[in-house]
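> Sequence:
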Amino acid sequence: MQFDFQPVLSSDLIKVRPLRSADFDELFAVATDPLLWEQHPQPDRHRKDIFRGFFLDALASRGALAVVDPRDSRLIGSSRYHDYNAARREVEIGWTFLARSHWGGAYNKELKRLMLRHAFQFVDTVVFLIGPANLRSQRAVEKIGGVLSGPGPDKAGVPCLLYRIEAGNWLGECEGGGSVGVVGGLR
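Numbering (this note's numbering), first residue to last: 1322 to 1508.
To be clear, the hints were calculated from the coordinates, so they are not data collected in a lab.
Everything numeric in this text was worked out from a predicted model, so none of it was measured.
Careful, some of the hints might be misleading.
As the list claims (entries may be wrong) - Here are the computed lysine-lysine pairs in the DSSO-like style, where the Cα-Cα straight-line distance is at most 30 Å: (1) 1464 with 1430; (2) 1430 with 1369; (3) 1476 with 1464; (4) 1476 with 1430; (5) 1336 with 1369; (6) 1336 with 1430; (7) 1336 with 1464; (8) 1369 with 1476.
Go ahead and model the full structure; you've got the sequences and the hints to work with.
Written out as structure tokens, the structure reads:
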């Protein structure tokens, strides 16, 4: 079975679907909030020229996803699957950001729960690379079971902290979150 990098996932709280080029304006409207990026290694990502590069890179990747609030079909953020390694049975989840209106744990936790549930159909380990100053993301990953594996540079040489979640240790399916469905299955 081949890893599906752009599944459609849904729950009562959010819907996740492949990112499309037509999403730029709506996603940029979310990204213009400087507080989203204040702890991020690239704190000026709220600028249109910088965000455009981020967005085009996301579209060029195999795993860019849009996060939608199903109550009003509004785009509230994005995330990605990245660096799938079939031999190590490992994939990275990253580049996640959500509108501040959806901060507070429930939305990010549900997004990661859906993405982890999907990933663990194909891999044994999910990794997260987080900037050393990004305390919000570190705490969020720890809350969903991420275990710090240590510091180190990412593939571009940028310092980061490596967190891991092993399938055998993940309890995400046992924790609340409403009904969950994979829409459309594997491509």
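> Against this structure, judge whether each hint is valid.
A quick look at each hint next to the structure:
1. 1464 with 1430: Roughly 8 Å between the alpha carbons, so the hint for residue 1464 and residue 1430 holds.
2. 1430 with 1369: Holds, at roughly 28 Å.
3. 1476 with 1464: holds (26 Å)
4. 1476 with 1430: Holds - the C-alpha atoms of residue 1430 and residue 1476 are around 26 Å apart, at most 30 Å.
5. 1336 with 1369: holds (25 Å)
6. 1336 with 1430: It holds: about 13 Å lies between the C-alpha atoms, which stays within 30 Å.
7. 1336 with 1464: It holds: about 21 Å lies between the C-alpha atoms, which stays within 30 Å.
8. 1369 with 1476: holds (25 Å)
Comparing the model with each numbered hint stated earlier shows that all of them hold.
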